[in-house]
Amino acid sequence: MTLTLAILVPLLPFLGALAGLACGRRAPGMARPLAVLPTLTAAVLAVVVAARLGPGHILDAATELTPTGGVQIYLSLNLDGIAVLLAVLVGVVATCVQVYSTAYLREDPRYPSYAALVSLFTSAMLLVLYSGDLIVLLVGWEVMGICSYFLVGHHWEREDARSASIKAFLVTKLGDVPFLFGIFVLAGDAGTFQINGVIGAATTGHLHHATLAALLLLCGVAGKSAQFPLHTWLPDAMAGPTPVSALIHAATMVAAGVYLVARLMPVFLLSTAALVVLGVMAVITMIGSALCALAQDDLKRVLAYSTVGQLGYMTGALAVGDRDAALFHLLTHGAFKALLFLAAGVVIHAAHTNSLTAMARPGGLSPDGSGISGTGGSGAGLLRRRVPDAYTTMGIGLLALAGVPPFSGFFSKESVLTAAEQAANGHALTDGLGPAGNVPCFLGWTVLVGGLLTALLTAMYVARLWLLAFHPRGAQSVGGENAGAKVTTAEPAAMRWPLWLLAVPSLALGLVGLRTNWLPAWLDGVSLTPSLPTSLIGTGVALLGFGLAYAAWRRAAATLPADAVAAGAVADPGRVLLGPLFGPARDGFGVDRLYDRLFVRPVLGAAELVAFLDREVVETYVKGAAISPGLVGRVVRRAQNGNTQGYLSALAAGVVVLAIVVAVAQ
Amino acid sequence: MTVLLLVLLALPLVGSAATLVPALGGRRALWLGVAVTGADLAVAIALAAGFDLHHPARMQGVTDVAWIPALNVRFHLGVDGISLPLLVLTALLTFLCAVYSLKRLPAGGSERGWTGLLLLLATGMLATFAVLDLLLFFVAFEIVLVPMYFLIARWGGENRGPAAFRFILYTLLGSAVMLLGLLLLGLKAGTFDMTALAANHGHGLSRGTQILVVLAIGIGLAVKAPMWPFHSWLPDAHTAAPTAGSVLLAGVLLKMGTYGFVRVLIPSVPLGMHELAPYIGAFAVVGIIYGSLACLSLARPGSRGDLKRLIAFSSVGHMGFVLLGVATLNPIGINGALFANIGHGLITGLLFFLVGAVKDRYGTADLDTLAGARAESGAALYGRAPRLGALLAFGAVASLGLPGLAGFWGELLAMLGAFHPAAGLSRPTFLTLMVLAGLGTLLTAAYLLSVVRRICMGDLATAPAVPGASLTDVQTYEAVTWTPLVVLTVVAGLWPALLLGLSTPAVQALLGGS
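Going line by line, the protein sequences match chains B and A.
Counted the way our numbering counts, the first sequence spans residues 145 to 810.
Counted the way our numbering counts, the second sequence spans residues 26 to 539.
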């Protein structure tokens, strides 16, 4: 029974997607029910599956998908606490996004295909979570990639969407190729693609190439979970519609990489090298992305960089061996980041611009006039009045992101920091999944210090975002407070209640880690209660970040010259806080240019070379081959000159030669 | 079964002969083509239904009678798990081409001629996959050249004369060498019977003979496949060929080459294959990278790349995966090769249909004319003809090997095969080949998505103008011909056991004892 329900969970959205694509244009009225109902049912079923399975239990079932002539591939389910809990998260977020999209893309003629792709995406993510076979997992893994490609390219008439969609697919594919080889290495040692079998081989010491496999897998993880150096696709992917960002680029697809490492934790714990690479990658990602977030002008790009950073916390927790902390943060982050994106969608919808400076400016005008506000003279300062739901819920989400107690992000972030602290003391919390001695102390310190620094920066950019979007200083509100009073909230209910639904876990989900028979019972049973010293330091750092950002904002407002104010400049605390780093941080420290030099240009150069070779060299020998029969013909033709004497003498010479050859041979 | 297989081959031959009757001219000839190929497809499906799935390694529906006793050549037919999918694919693609030609017969010649040649082509293609005698195989292999030559030379597009000439010259040269190899193999082994040769596994053939046989037959097959550097006839032939010609050329003719490797060379001369496998693998991988890079350069704005030429070059890359699978000489890789054969037939068949449709609408397949020469412009097919655009994107995504579609399993198994090459082959070499092939999948994704970006996406306001008032979206006849390919691409991708279950035992039988 549980098995049947579990099979239905990924299957329903898939069927919904097929039906949606099949009758999209012919029956537009069907598009919405076909989008929402299968996803909703899948979410309910995911909850039922989780409830029936209960903490600490595992469901395993497999049937052969195909023979290959070698290692067989199974269509198998492997449900444990991690899989079923994440499936619930995916189901809930996907349902919220589908409901929200019915309103957000109400006028969009492309809604049917959009909704079908979101359903297909949901199905693929659920397949990744439930699958017990690495190849089947890879199927879901890459289907998510292509859905993301199509959804980022939803506004294909825009150049930024076109290039962002290609970039998103190719950068993740760059990681997926080594990832596939990593699976080969694992299967080569374990003799099976089944996750159970691989973990069994890891625990019994049959995995002889654990470091190689782990490093190869990390490439794919870095691609999907947007870790340095493969993170560059995520900020650009914000060209997609906002609900897509909420679903794919915050709560689910980027979670797949973290989930995979957690699932294969025993493999990674066998290799100190892989853990160190993962940890260093995590710390660079966290700090770098937080600096970038502090300098972005686009509201969605700030959130995108914050996603990259929060994923860094998760991979950091994995690097110090504590997958429970990583998954805890994954759950809370999934909730509050989805909330933040959906709320941002409402704000952008109301402000008619993505730009924070434009929001902070009266009338919502950007300098080039492109982000013209449809609401005319209403002051931007009134944004918070026009979208009260988004204002409040975004506040909740931002506090959770900054890790302020008692919001959910606080508890999960503290559990990550506690794990790092334990590892720094040489007692990594691996919970028997692997030898704790493989987690070096310096790695614990690196993650701990990086995590605290990131917490400071996170608080700063959270404060900056809040102040710029909702409490602007600098340019004067010319419209006045009265103009805004006439504006009523125009957001439909379908865009408001998902916010409140997600606000509940953003507020309270952190509490589930407090009792060992709550969340830890579903995972490995490691305590998720934050330790007192890290909590105090963490909270202090967050408050310090707020304070610094506020002070910088005041200073920026005070030093803003009057003519600049008239020209539409607004006080930006990021500029003061980052100083000379502001410029580089704004364009992502030039990683894109590096990629261009390292990959794009050499490949295009090689392509030109091949075109040249094909045109000049290969063609030449083909032509040569065509000419040579002609030359032979000419030579032979010359012999056929009709001269009888010539023929006879040649004949005589031939006879003589033959006679000599025969004589010698005998 | 026996009767079905004979009927399968006889039907198109009889139909082809019937087109010689002058009364069957005009539309009647086209309908005759549809009827014959339709009946043939029904026979092929019946053959598949009657196939004993529990013994896919055994030859079924066998006919074995003396043909040229003096040379010990026998009329020997049979079908097993390796040839059955190829037979069904051939029958299907021929039928779809016949249906498509009903509405879209390119200018160039009479309907009677077209149908006759198409049916003759079908006979040759089906026979290649059904015969079990080396000389008969050669005859079938050569039969297809004649109709394909005329299809390109008479119904083709621009530059059709030289392209057809190059096609026939190239493949005939390859075939001449192949005939020598076949004769050498048959005379040295004392039999032309493929099943006997396979059962013998090269016993009694010296190492030198085996290598010579592989070299001679291999060159003929490599030209057909095509393997780099024998590929240069392909882009020209495809660019010039009419849509149906391109579909059959890519969908079936190329497979005859790789089928020959699996059916003739691997079981009959295992030692020779073993010696030359690393070279075949290396050429295959060079083909993958070379083909992808050539496509990438064609897809660049301003390079005046032709879309048909691009898909043709992509075939060089995809057939590289098939050849890599063959070169691994282990069941996984060969299974992958056979799967990729079918997958490529379905997907590239679809892509050539789609590109043909684009060319019909725009009058050209030149990317710069379609999409504009600037990097940021595009033809915006998603907006102008949403269904056509969506199908093109689907074809591209399937072609880049997305898991869950037919292109994936072949590539996966070819690379997995290279990860564990057959005993005795150099593992480091094959690991290097595997990594390069993996890089090839990335390049493939890059050029296919660039094509989608330039053709499907784009701003409607700045997109180059369409000839005529607007672009017609997918028509009924197009939907009818394309739907089976789309459905099969998805089905084969979601349920690979459909094909792998057939080929796995047969491949193991071929390799057994070697």
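Careful: at least some of the hints might be erroneous.
Chain B is nowhere near these chain A residues, computed Cβ spacing over 10 Å in every case [to be verified]: (1) G75; (2) S257; (3) P411; (4) P428; (5) M482; (6) G526.
Not the full set, but computed from the structure, chain A residues with beta-carbon under 8 Å of chain B [what the hints assert, rightly or not]: (7) V32; (8) R179; (9) E183; (10) Y315; (11) L467; (12) A471; (13) V491; (14) S495; (15) L496; (16) V499; (17) Y502.
If you're looking for bench data, these hints aren't it; they were derived computationally from the structure.
Quick reminder that beta carbons are idealized off the backbone N, C-alpha and C, glycines included.
Each hint tested on the structure:
1. With a closest Cβ-Cβ approach of about 22 Å to chain B, G75/A is found to remain outside the 10 Å limit, as its non-interface label requires.
2. Here S257/A does not stay apart from chain B, with its beta-carbon only about 5 Å from theirs, under the 10 Å limit.
3. For P411/A, the condition that its CB be more than 10 Å from all CB atoms of chain B is violated, with the nearest at approximately 8 Å.
4. Look at P428/A: its CB is around 4 Å from the nearest CB on chain B, not clear of 10 Å, so calling it non-interface is violated.
5. Not every CB of chain B lies more than 10 Å from the CB of M482/A, the least distance being 4 Å, so the non-interface label is violated.
6. Taking the minimum C-beta to C-beta distance to chain B, about 6 Å, the non-interface status of G526/A is violated against the 10 Å cut.
7. For V32/A, the interface hint is violated, since its Cβ never comes within 8 Å of a Cβ in chain B; the closest pair sits about 31 Å apart.
8. At its closest, the beta carbon of R179/A sits 22 Å from a beta carbon of chain B; the interface hint therefore is violated under the 8 Å criterion.
9. Residue-level restraint check for E183/A is violated (minimum Cβ-Cβ distance to chain B is 18 Å; threshold 8 Å).
10. With a least beta-carbon distance of about 6 Å to chain B, the hint placing Y315/A at the interface is held under the 8 Å criterion.
11. Because the closest C-beta pair between L467/A and chain B is about 6 Å apart, less than 8 Å, the hint holds.
12. The beta carbon of A471/A comes within 6 Å of a beta carbon in chain B, closer than 8 Å, and the hint placing it at the interface holds.
13. Annotation: interface hint on V491/A violated; nearest CB of chain B at approximately 16 Å, more than 8 Å.
14. The interface hint given for S495/A is violated, since its Cβ lies 16 Å from the closest Cβ of chain B, which is over the 8 Å cut-off.
15. Checking L496/A against chain B by beta carbon gives a least distance of about 16 Å; that is not within 8 Å, so the hint is violated.
16. Of the supplied interface hints, the one on V499/A is violated, with its beta-carbon coming no nearer than about 12 Å to a beta-carbon of chain B, more than 8 Å.
17. Because the closest C-beta pair between Y502/A and chain B is about 19 Å apart, greater than 8 Å, the hint is violated.
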